[in-house]
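With chain B's structure known, arrange chain S on it following the hints.
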Amino acid sequence: MEVNPHNSMAHDAHADEHAHGHSHDHHGHDHDHDHEDNFWSKYIFSTDHKMIAKQYLNVAIFMGFLAMFMSLIFRMQLAWPDAKLPFLQDVIGKWGKDGKLDPGFYLALVTIHGTIMVFFVLTAGLSGTFSNLLIPLQLGARDMASGFLNALSFWFFALSSVIMLFSLGIETGPASGGWTVYPPLSALPQAIPGSGLGMTLWLVSMVFFIASSLLGSINYISTIINLRTKGMAMTRMPLTIWAFFITAILGVLSFPVLLAAALLLVFDRSFGTSFYLSDIFIDGAPLDHAGGSPILYQHLFWFLGHPEVYIVLLPALGLASEVISVNARKPIFGYKAMIGSMLVIAFLSFIVWGHHMFVTGMNPFLGSVFVFTTLLVAIPSAVKVFNYITTLWRGNIQFTPQMLFGIGLVSTFITGGLTGIILGDSALDINVHDTYFVVAHFHIVMGSSAIFGMFAGVYHWFPKMYGRIMNKKLGFIHFWLTLIGLYGTFFPMHFLGLAGVPRRYYANTAYDGFANLININHVVTVFAIIGGLAQFIFLFNFYYSIKNGKKSSQNPWKANTLEWTTPVEHIHGNWPGAIPEVHRWPYDYGKPGAKEDFICQTVPFSETPESNTPHDH
Amino acid sequence: MNILLILAVVFGTLVLVRLANVAALASKLSGENEEAEQESANRWNSIGMISFLIIGLSVMIYIMNLYIPLTLPKAASEHGEAIDGLMKINWTVLFITFFITQILLFFFAFKYRYNKNRRSFYFHDNNKLEAIWTIIPTIVLAALITTGMSEWNVITKKSASMKGIVVQIYAKQFDFTARYAGKDNKLGSSFFRSITDTNPLGIDSADAATADDLIAKELVLPKGAEVQLMINSRDVIHSVYLPHFRVQMNAVPGMTTRFAFKPTKTTADMQKETGNPKFEFIMLCNKICGVAHYNMKMPVRVVEPAEYEEWLKTQSAVFPKEEAAAPAATPAPADSAATSMAK
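Chains as they are written, first to last, in our numbering: chain B, -7 to 609; chain S, 2 to 344.
Here are the simulated DSS-like pairs of lysine-lysine, each with C-alpha atoms no more than 25 angstroms apart in a straight line:
1) B:LYS92 with S:LYS298
2) S:LYS159 with S:LYS224
3) B:LYS34 with B:LYS456
4) S:LYS158 with S:LYS224
5) B:LYS550 with S:LYS112
6) S:LYS263 with S:LYS224
7) B:LYS456 with B:LYS550
8) S:LYS164 with S:LYS314
9) S:LYS75 with S:LYS279
10) S:LYS158 with S:LYS75
11) S:LYS117 with B:LYS550
12) B:LYS542 with S:LYS117
13) S:LYS75 with S:LYS159
14) S:LYS224 with S:LYS184
15) B:LYS587 with B:LYS550
16) S:LYS117 with B:LYS587
17) B:LYS328 with S:LYS129
18) B:LYS543 with S:LYS117
19) B:LYS76 with B:LYS89
20) S:LYS273 with S:LYS89
21) S:LYS224 with S:LYS187
Think of the hints as simulated: they come from the structure by calculation, not from any bench. The model shown is predicted, which means the values in this text are computed figures rather than measured ones.
Bound-form chain B, shown alone (with noise of 0.2 angstroms):
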């Protein structure tokens, strides 16, 4: 049986000329499952998962560079609301006319900014990338459950991100009512220009957006459950797959109501109902809209709201676990509390919405039931914390850029997780509730965790994706610079929010007593610049190595896990011949006696008689 012979690497970065010209010299040596592949077929429309990934990953790239940029515009407004700008005009046009940023765009750029980031890059690009690529590959299956689902998954999100960007480019702006787009006011295109045809195009990005992600988790799940190889039981599955399964669950459980949600939204702006309006006198009339509740859309939104956030997180705890684990040469510490710990967060995930509205009018008692719940949170998420730090405790660390992602995971998920328990606690959360207190809190529980669980996925698995491994020395500078970057941009964010500064203002002018909080400003943006500018480090890493990285050999970080059991070549069905089969669980990393210091899954325990525990059958 031979592999395809052909770099597939060299194809991506340059597929546009030389797809066709290669595309028929491979076919007819492949694997049975292969079919005549030309351009189309391979790169644009394959239902190959491990091109489905590389898709997904592309255009997360590419929308996260995009929304970063959003935020290094509005950083520099707050930084500098005075100065002018130049360059402003050049890119924005209209919204940054003689360098000077239009408010009602700031709103915008900060509502997009959110919208891309946690659905695009973090929900889409984390788990479209991950699931894909590794699903199949660490479970021993040939493709996933239905490959033209998956597919089909990829084209509605990469049609949803086109409606996005090109809301960015219509006359009254995009939406900006801030990414949770509270009616009234993304009901009414009277009370903010972006509410608009831009709201309209921010609704219809976002059918498209849920549908995706809804044929991709249940693709994910019936994949877990039914295409496990021989051995794979479920509790010898990577903790990568299992988070990538729960947090597969929590998207078909969760999503549809968002869509609810949004579709109820788009019945009151255009079919005349009144789900969330009521008594609103509007542009010098009363509108005829009455009877509905505002609130009822908030109930909705964080019904999904608040399990996205471990959607974003769980498939950055999966993968950190793997790196972790992989790195330190040591076995994961607590596997099955690992588990566990997961599956409590994904239960008690829908029971926490509420402490997003603790100042909403909501009934208080409803409050304290949510302050409960919500405070529990913080249980298994210490469980998770201290198995990691455990896991690291006599390893014997290999210090790669994925393993430096990893660890700096864990101390942002520690960071961001702590301040959550001041927001969770209602009444510590009337005073700092919607101040830049909880812009710090989320851009570094969730933003920065999820981003840096990301990066080191990407520089885990780059040589599974791509048969070649990135260039190390830029990977870790591209990760203390955005150690550094992230800390020094969000960790003084805090004191704004602690001084009383309201999130989502285009400038501190209101208040005289916000004067001194300037300086803060200043250093926020700059480490926030600085942090960017690492970003493209990581950008040419990425795509330099695509095509002249180091070659990888077929198992580089010597990981036990099956994707490393197949060729370096991609090929339809991912093993050459038969699908192995799995003997152990996939955290053998040095154990006493072995020959080695890891035991790849496939290898059978009679092979191993000088390691073998009593435990091991």
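Here is chain S on its own, set in the frame of chain B:
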């Protein structure tokens, strides 16, 4: 340019140079073999870990000393003082946890760097340890939950009691209006369809409770008295945020939200306490409400009760006598205006 900014730039540049050196050094070694390269990476990154821990924590403490004075002064309300106390307890717990976990994390990362002559400790399960770090956080959290909830109950019960001086805060894009309930401490009813240019709150002039209601563009409160804010919005969601009093409640169209609190310091007291003769309280909108969201605010003053009474007398009634008697200039769409004319 302030010193911190310069520090940031210098620190950033130093780090860049440092890392470039590390990379250069590492690449020199890489000529030899991969193992040596990884060994150098391990050395430098593990040193990075411990340095980040030490420098990071030092910078953090430095920044806290610098920035904590810029945060809000001590609360100027009764429940606010309780919240501040609670906050202190929480911060203490959080900082202890923060230091323990971050130190362990970065220290272990530093200490256990790869050594090819060593094997990691094959240690993958320990129920006792798991139990410890399940039970201890549970106990600590139980304490935090209990104290937090009991304070929350005190605050929200007061808000539900309807006691205190009733003041309506009426929000619209992009300003607040205050309506004092007057002698009867009852607000006249209002309806959004009754809103006209001359009656921007849509107040029912026929309601007996309306007669003594007063309208103000400034929130003035007496020190030491319970105040009951009745919060409404007429267009989108706004939020009434009084950071110095630890008060925040959304203004939601279609419903009335409430927040009760007792100011304990006058503006003059605060000016003395903060050493800032220009200190003023403020009410800000803290829910994104449109393009001018960042400019939506209302001045707030707390004065001695006697001064408050004087001030009240100077405020205008909702329907000044002569105007209420004359027929409304613009025909109002709602019935309430009609009834008011009939009477």
